[in-house]
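K.L.:
Below are the chains, spelled out letter by letter.
Number of protein chains: 2
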Amino acid sequence: MLENLSSGTYNAGAMSQLPVPDPPEFETIERLAVVGVGLIGGSIALAARARGVARSVVGVGRKLARLEEAHCRGIIDEASTDLTAAARRADVLVFCTPVDRIAEGVRAAAAVCRAGTLITDAGSVKGCICRVLEKGLPPGVEFAGSHPVAGSEKQGFEFADARLFENRVCVVTPVESTSREAVARVCAFWQKLGASVVEMSPEAHDAALAQTSHLPHLVAAALAATLSPENRPFAASGFRDTTRIASGDSELWSAIFLGNREQMLASLSRYEASLARFRQAIEQKDSTALKELLKAAKMNRESVANG
Amino acid sequence: MLENLSSGTYNAGAMSQLPVPDPPEFETIERLAVVGVGLIGGSIALAARARGVARSVVGVGRKLARLEEAHCRGIIDEASTDLTAAARRADVLVFCTPVDRIAEGVRAAAAVCRAGTLITDAGSVKGCICRVLEKGLPPGVEFAGSHPVAGSEKQGFEFADARLFENRVCVVTPVESTSREAVARVCAFWQKLGASVVEMSPEAHDAALAQTSHLPHLVAAALAATLSPENRPFAASGFRDTTRIASGDSELWSAIFLGNREQMLASLSRYEASLARFRQAIEQKDSTALKELLKAAKMNRESVANG
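From first to last, the protein sequence lines stand for chains A and B. Going by this note's numbering, the first sequence opens with residue 1, and the numbers climb by one from there. Going by this note's numbering, the second sequence opens with residue 1, and the numbers climb by one from there.
The following block holds chain A by itself, in its conformation from the complex:
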């Protein structure tokens, strides 16, 4: 089962384990460009150098002052606000910008890349990125999407951590036109950063993550929104934990919700039906039904390992 993934590659669509027991031999990247140096981008930069995956990391962003700070902190080797200049010199690019800016960035970079350059991303939604980029990239430049399922409600490279991807799942989402070589290179990249790689279609990824990540964010935000100021002193650890992720960046999450709109609405419908079952049991004072619902929820919660 997926729970036992170590560092192998797993094909979730076909339910067959690919024969990659150890991380394969992987190119050492001469120059890795990380586009968007926040929590995820900063962690990739740190991990790539700490693990010898890249000899040099250029951080690309819009705010030079922030990039210079990341440079001073030793997170990146070079800072650049010029994406095309950085793309011309990079061997591999990883886009860690908000999901609604990834496709255009990839396209701009791909237009100037050398042949053989590999582009991937770390966006939380995959369909709206991978399907848009399915066609029209220049020959010799390939994009294969990915999503490391790791993160935090915290933002900024100040919270970057070279070990963020260790023992985490990273989903790689090729489309039909993606070459096996590009898939292998992207898989090897994430494995070298410590992640367990799972290969899925962009659509299967978006359905799964709607349920495990995007819906929980919506649920937490909708709950946080209901708290009246006068009741704040009575919010203890239960409230705080349940709403913790509502502290995430509103621009990022708005883009994720709309980027994964259909699956979000489907997951939300499923959740509304679950809520309605609780409501009915409470309305009808049906203690037996309520206990059953709570027990099933508890078992489901406990099936997810803590960590």
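Derived from the structure by calculation, the hints contain no laboratory data. Among these hints, one or two may not hold up.
Since the list gives no way to pick out one identical chain from another, each pair is judged satisfied if it fits inside one copy or across any two copies.
Taking lysine-lysine pairs in the BS3-like style, the calculated list, with each CA pair at most 25 Å apart, reads [stated by the list, open to error]:
1. Lys154 <-> Lys63
2. Lys295 <-> Lys285
3. Lys291 <-> Lys63
4. Lys154 <-> Lys291
5. Lys63 <-> Lys295
6. Lys295 <-> Lys154
For this one, chain A is given, so just place chain B on it according to the hints.
P.N.:
What follows is chain B alone, placed relative to chain A:
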């Protein structure tokens, strides 16, 4: 404001600070009976002895083997499965049983107590307990309800902690017939255990806690229930935090939901309206509205101190 409570007593109904800057002189309890020795009862027992609030603590419960284990661990001085025998000898009793068993227990204990015995509880719902006990207790025996807003999804005295109540709010919920002396004794008891005491009506308590504790539990449970087994590997810290409290005991929480039924349903309606606003913004691809909703939720979340 309530945020700045130290160890004073605060009357949330009247919005006036009672003149009790320091914990008042308090009786040292000769024999404290803790009825229900779980996480909360065990923590009361530990804190009462660690802070010199009681000279001796008798733990009362239904399972002798469990009580003997609590005794072996030094949590209680004596174990008893006989509530009335323990009540006859106690100066103060604190009921920490599930909320649907507190009122009958208090009535049974009160029937045999000596005059001057004080009875309180630690139940998460107050109306269904305090209003039932408003009348009919023998003369000289008083009940004043309370609820220390502290806890965990964990169960059992194995997780008891003498510091559980430190810097936590404890709500004391007298009714019209409760004497000021009984209120003062109960307030002093919790202050001595390290809590900040807030005085409220049972109804005001139940409305506040529905929003800050009971609804979050329902929200977390309804979300945990929607997770499909095949998606477990993609549940990261966001899912785990948002659903953590769904691991709570289903019997306890079923009794809380039904004990606070009207306020639960009112809070749930408020939450459903909040969810509907998110749904509408996603359906209409209204990124401006979605960002506003997420930003308001984030600000509300951040208004609640971590701790």
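K.L.:
Now tell me if each hint is right for this structure.
P.N.:
For each hint, the structure was consulted:
no., hint, in the structure
1, Lys154 <-> Lys63, "within (19 Å within a copy, 46 Å between copies)"
2, Lys295 <-> Lys285, "within (17 Å within a copy, 36 Å between copies)"
3, Lys291 <-> Lys63, "between (53 Å within a copy, 22 Å between copies)"
4, Lys154 <-> Lys291, "between (36 Å within a copy, 17 Å between copies)"
5, Lys63 <-> Lys295, "between (50 Å within a copy, 23 Å between copies)"
6, Lys295 <-> Lys154, "between (32 Å within a copy, 15 Å between copies)"
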